[in-house]
Amino acid sequence: MSNDIAIKICGLKKMYRLGQIGGGTLTGDLQSWWARIHGREDPNSIIGSDQRSNGTTFMALNGIDLEIRKGEALGIIGRNGAGKSTLLKILSRVTAPTEGYLDIYGRITSMLEVGTGFHGEMTGRENVYMNGAILGMSRAEIDAKMEEIIAFSEVREFIDTPVKRYSSGMYVKLAFSVAAHLDSEIMIMDEVLAVGDIAFQQKCLNKMSSAAKNDGKTVLYVSHNMNTIRQLCSRCIVLDKGKIIFDGEVEDAIALYMNNSAYENPVRDYDGIKRPGWLHSDMLRLSRAEYPGRDSCIFRRGEKVRIAFTWHTNEDVENVGLRFEIQNTDGTPIAAAFSYECYSGKKGQTAAAVFTYDVSGLAPGTYHTIYTFFRRNNFGAGVDLDCMEGMDIIIDDSENKLNWRANVWGHFILPAPEVEFQ
Amino acid sequence: MMEQGRMSENKYHTHIEAKTRLLSVDLKELWRYRDLILLFTRRSFVVTYKQTILGPAWIILNPFITSVIYTIVFGGIAGISTNGVPQLLFYMGSNAVWTYFATCFNRTATTFTANAGVFGKVYFPRLTMPISTVLSAAINFAIQLLMFGFFFIYYLAIGEVHPNWFAIPLLFLAVFQLGCLGLGCGVIVSSLTTKYRDLAIVVSFGIQLWMYASPVVYPMSQLEDPLFLHILHVNPVSASMETFRYVLLGTGEISLGWWVLTLVITAALLFFGVILFNKVEKTFMDTV
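Protein chains in written order, with numbering that gives the first Met the number 0: chain G, 0 to 421; chain H, 0 to 287.
Think of the hints as simulated: they come from the structure by calculation, not from any bench. Possibly wrong hints are sitting among the right ones.
[Unchecked claim] Simulated restraints on C-beta separations:
1. G:F411 <-> H:R196: 55 to 65 angstroms
2. H:I52 <-> G:R35: 55 to 65 angstroms
3. H:L26 <-> G:E120: 27 to 37 angstroms
4. G:N61 <-> H:K278: 22 to 32 angstroms
5. H:P162 <-> G:D159: 44 to 54 angstroms
6. H:L26 <-> G:A139: 47 to 57 angstroms
7. H:L222 <-> G:A139: 25 to 35 angstroms
[Said to hold, decoys possible] Here are the computed lysine-lysine pairs in the DSSO-like style, where the Cα-Cα straight-line distance is at most 30 angstroms:
8. G:K240 <-> G:K144
9. G:K7 <-> H:K278
10. G:K144 <-> G:K69
11. G:K163 <-> G:K7
12. H:K281 <-> G:K242
13. H:K278 <-> G:K242
14. G:K212 <-> G:K163
15. H:K49 <-> G:K7
16. H:K281 <-> H:K194
17. G:K240 <-> G:K273
18. G:K240 <-> G:K69
19. G:K240 <-> H:K278
20. G:K7 <-> G:K69
21. H:K49 <-> G:K163
22. H:K27 <-> H:K278
23. H:K27 <-> H:K281
24. G:K12 <-> H:K278
25. G:K240 <-> G:K12
26. G:K144 <-> H:K27
27. G:K346 <-> G:K273
28. G:K242 <-> G:K7
29. G:K7 <-> G:K240
30. G:K345 <-> G:K273
31. H:K27 <-> H:K194
32. G:K69 <-> G:K212
33. G:K202 <-> G:K69
34. H:K49 <-> G:K144
35. G:K12 <-> G:K242
36. G:K7 <-> H:K281
37. H:K281 <-> G:K69
38. G:K12 <-> H:K281
39. G:K273 <-> G:K242
40. G:K240 <-> H:K281
The structure presented is a predicted model; accordingly, all values stated were derived computationally and were not measured. Every residue gets a Cβ at the ideal spot worked out from N, C-alpha and C, and that includes glycine.
Work out the full structure, taking the sequences as your base and the hints as a guide.
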């Protein structure tokens with residue numbers, strides 16, 4: 000079994016010192032030391048910084064244990080400062096851990112940046128050799144792959160031109176091509192796909208996923224773009240404050256990262272909550288929404304979603320409608336339902352109603368919702384009166400045998416077709 | 000199949016730990032990256048002379064002008080004796096040898112600070128960088144020697160120099176020793192400048208001072224004060240400089256004891272430098 004392991008990480012910690020690291024100069028260090036032993040204020044501390052935090056430490060990684068098997072495409076997500084980049088830096092041996100150890104079985108190509116070592120004065124071809132060698136290829140290996148690299152990069156006509164004349168897209172395409180054609184067993188990528196045009200991004204993603212699926216390469220991928228994580232990764236971890244807080248299915252990890260909880264309150268109060276700045280009118284305000292008779296936001300697939308709304312009017316309003324939008328956890332719109340001209344009311348009134356939505360088409364997963372009250376102005380265009388983030392809907396389908404793969408099949412399930420044999 | 004799989008696994012197994020042994024310099028890995036060393040060496044030439052009209056001619060033009068100036072200032076105006084060797088040849092040789100050492104030292108001294116961008120993104124044995132610097136300095140030196148040879152043959156033909164041909168192998172020792180010395184001093188400084196930038200400033204003018212404390216613009220034989228002689232004997236550049244003159248120009252004195260002392264100092268500096276470099280390279284990204 001141990002043969003399947005590509006990377007094994009044990010109790011990994013990385014500590015950074017807060018505040019200035021030294022004064023940057025020997026005299027600065029001596030000054031700080033002199034002030035410290037005489038109990039005076041450090042002349043080199045940053046003005047306004049908290050003295051107590053000076054000399055204390057910050058754990059960028061605080062005990063990471065992780066095993067990655069061969070051929071796995073592991074996504075790593077987390078907020079800024081969660082420790083993703085530090086983890087990748089230690090894995091790619093740019094810096095050393097403070098505590099713990101890791102074993103890496105195979106060669107690593109790290110793409111924390113594309114085009115590392117590219118020199119503007121050298122031609123594309125010369126840079127391919129340079130970059131390849133930096134990434135650990137020998138000259139013979141690069142010779143053998145040269146044709147493939149040039150073909151993949153789509154910059155054949157410019158390959159003998161200095162790269163300082165390249166557009167940024169061409170530069171990145173060439174750089175990525177070198178990295179993608181390495182014979183290494185493990186590839187580490189830090190959002191390098193954020194560049195290049197859509198077609199090329201797609202090409203890179205396909206190349207990476209086929210490397211993982213067909214060639215048995217191990218891919219570690221960090222991104223804030225959840226769609227690419229979905230497309231590429233077979234497993235995902237969520238980092239928070241230097242620790243792994245989730246390890247498992249990609250969709251679950253994304254849902255967690257997007258700050259969802261399956262046990263979220265099925266009631267939400269909107270009184271006194273600040274509205275977005277673009278809402279110009281305060282004629283109507285939503286005050287409360289609730290999933291009546293429920294203790295969570297989890298629904299079984301096929302179940303109808305009933306929402307009890309309470310709202311009040313600050314002015315006379317006519318023909319107000321309610322728009323109910325459903326979004327993916329990363330904010331991609333999925334579907335919407337409209338109730339046109341369902342309410343007219345006088346100033347100071349409070350109204351309540353239960354709306355029932357048929358969401359049987361939604362695939363299992365977690366969804367954000369948005370409630371918007373709107374009316375049509377004199378020209379027939381819609382004007383939003385109030386717009387608030389709604390309660391989540393979590394569609395549970397654990398009874399079904401087949402796991403729904405939202406990254407491939409989408410978020411909407413069409414009814415099973417009628418089949419007539421002839 | 001399985002056996003083979005396991006073998007290739009062991010081949011690329013890397014174990015990374017917080018604590019590292021002091022002597023864990025991975026020479027085998029360095030050898031695996033030899034292509035990179037050559038590419039870095041090549042790059043330093045290609046890049047320097049791209050978009051220049053004279054191109055690599057600068058390698059010769061630059062030291063030639065310097066030698067002429069030395070001849071005028073030190074030989075003509077100051078009137079320093081060159082022990083009967085034609086002045087232009089004397090200063091051309093001194094200048095080539097000194098430039099070789101100074102380039103090794105100066106360029107390797109900025110290894111970490113100048114390459115922080117690359118080092119922060121990808122791993123490769125960091126020593127490849129200073130080693131390739133020394134190699135390119137050696138190639139520059141060889142090109143300058145060609146120019147030196149041109150004048151050397153002329154003076155040889157008119158019978159003004161009398162080289163000690165039998166000692167030619169000593170030249171290679173001198174070149175090797177100066178390269179190692181420049182590398183050793185350079186990596187020590189580059190390791191320390193990751194934290195203290197002061198050193199970078201000290202080094203650039205320190206090297207100039209060092210030149211005057213070495214027998215570059217004057218021969219050893221011009222010194223009589225025993226204190227100065229002691230300083231020059233401990234200075235690990237002097238032996239190679241005098242050897243160069245002894246072999247090609249037929250002047251200067253060298254001794255076995257002096258060479259042993261020089262080699263011991265060089266080896267100690269290089270050893271200490273590589274150990275320090277190896278220790279700093281693991282975490283320098285956090286402090287640079």
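Hint check:
1. G:F411 <-> H:R196: 55 to 65 angstroms: With Cβ atoms ~59 angstroms apart, the hint holds.
2. H:I52 <-> G:R35: 55 to 65 angstroms: Since the Cβ atoms of I52 of chain H and R35 of chain G sit about 58 angstroms apart, the hinted range of 55 to 65 angstroms holds.
3. H:L26 <-> G:E120: 27 to 37 angstroms: For E120 of chain G against L26 of chain H, whose Cβ atoms are near 32 angstroms apart, the range 27 to 37 angstroms holds.
4. G:N61 <-> H:K278: 22 to 32 angstroms: 25 angstroms, holds
5. H:P162 <-> G:D159: 44 to 54 angstroms: 46 angstroms, holds
6. H:L26 <-> G:A139: 47 to 57 angstroms: 21 angstroms, violated
7. H:L222 <-> G:A139: 25 to 35 angstroms: Given a distance of about 54 angstroms, which is not inside 25 to 35 angstroms, the answer is violated.
8. G:K240 <-> G:K144: At roughly 41 angstroms apart (the allowed maximum being 30 angstroms), K144 of chain G and K240 of chain G break the hint.
9. G:K7 <-> H:K278: Measuring from Cα to Cα gives roughly 24 angstroms; hence the hint holds.
10. G:K144 <-> G:K69: 24 angstroms, holds
11. G:K163 <-> G:K7: 40 angstroms, violated
12. H:K281 <-> G:K242: 23 angstroms, holds
13. H:K278 <-> G:K242: 28 angstroms, holds
14. G:K212 <-> G:K163: 36 angstroms, violated
15. H:K49 <-> G:K7: 46 angstroms, violated
16. H:K281 <-> H:K194: Measuring from Cα to Cα gives roughly 14 angstroms; hence the hint holds.
17. G:K240 <-> G:K273: Satisfied, since the Cα-Cα distance of roughly 29 angstroms is no more than 30 angstroms.
18. G:K240 <-> G:K69: 27 angstroms, holds
19. G:K240 <-> H:K278: 28 angstroms, holds
20. G:K7 <-> G:K69: 11 angstroms, holds
21. H:K49 <-> G:K163: Since the Cα atoms of K49 of chain H and K163 of chain G sit roughly 12 angstroms apart, the hinted pair holds (cutoff 30 angstroms).
22. H:K27 <-> H:K278: 17 angstroms, holds
23. H:K27 <-> H:K281: 18 angstroms, holds
24. G:K12 <-> H:K278: 19 angstroms, holds
25. G:K240 <-> G:K12: Holds, at roughly 12 angstroms.
26. G:K144 <-> H:K27: 25 angstroms, holds
27. G:K346 <-> G:K273: Holds, at about 21 angstroms.
28. G:K242 <-> G:K7: 16 angstroms, holds
29. G:K7 <-> G:K240: 21 angstroms, holds
30. G:K345 <-> G:K273: Distance of about 24 angstroms is within 30 angstroms: holds.
31. H:K27 <-> H:K194: Judged against 30 angstroms, a Cα distance of about 29 angstroms means the pair holds.
32. G:K69 <-> G:K212: Holds, at about 10 angstroms.
33. G:K202 <-> G:K69: 23 angstroms, holds
34. H:K49 <-> G:K144: 27 angstroms, holds
35. G:K12 <-> G:K242: 9 angstroms, holds
36. G:K7 <-> H:K281: 20 angstroms, holds
37. H:K281 <-> G:K69: Between K281 of chain H and K69 of chain G the Cα gap is close to 27 angstroms, so the pair holds against 30 angstroms.
38. G:K12 <-> H:K281: 15 angstroms, holds
39. G:K273 <-> G:K242: Given pair K273 of chain G, K242 of chain G is violated - Cα atoms ~33 angstroms apart, limit 30 angstroms.
40. G:K240 <-> H:K281: Holds, at about 24 angstroms.
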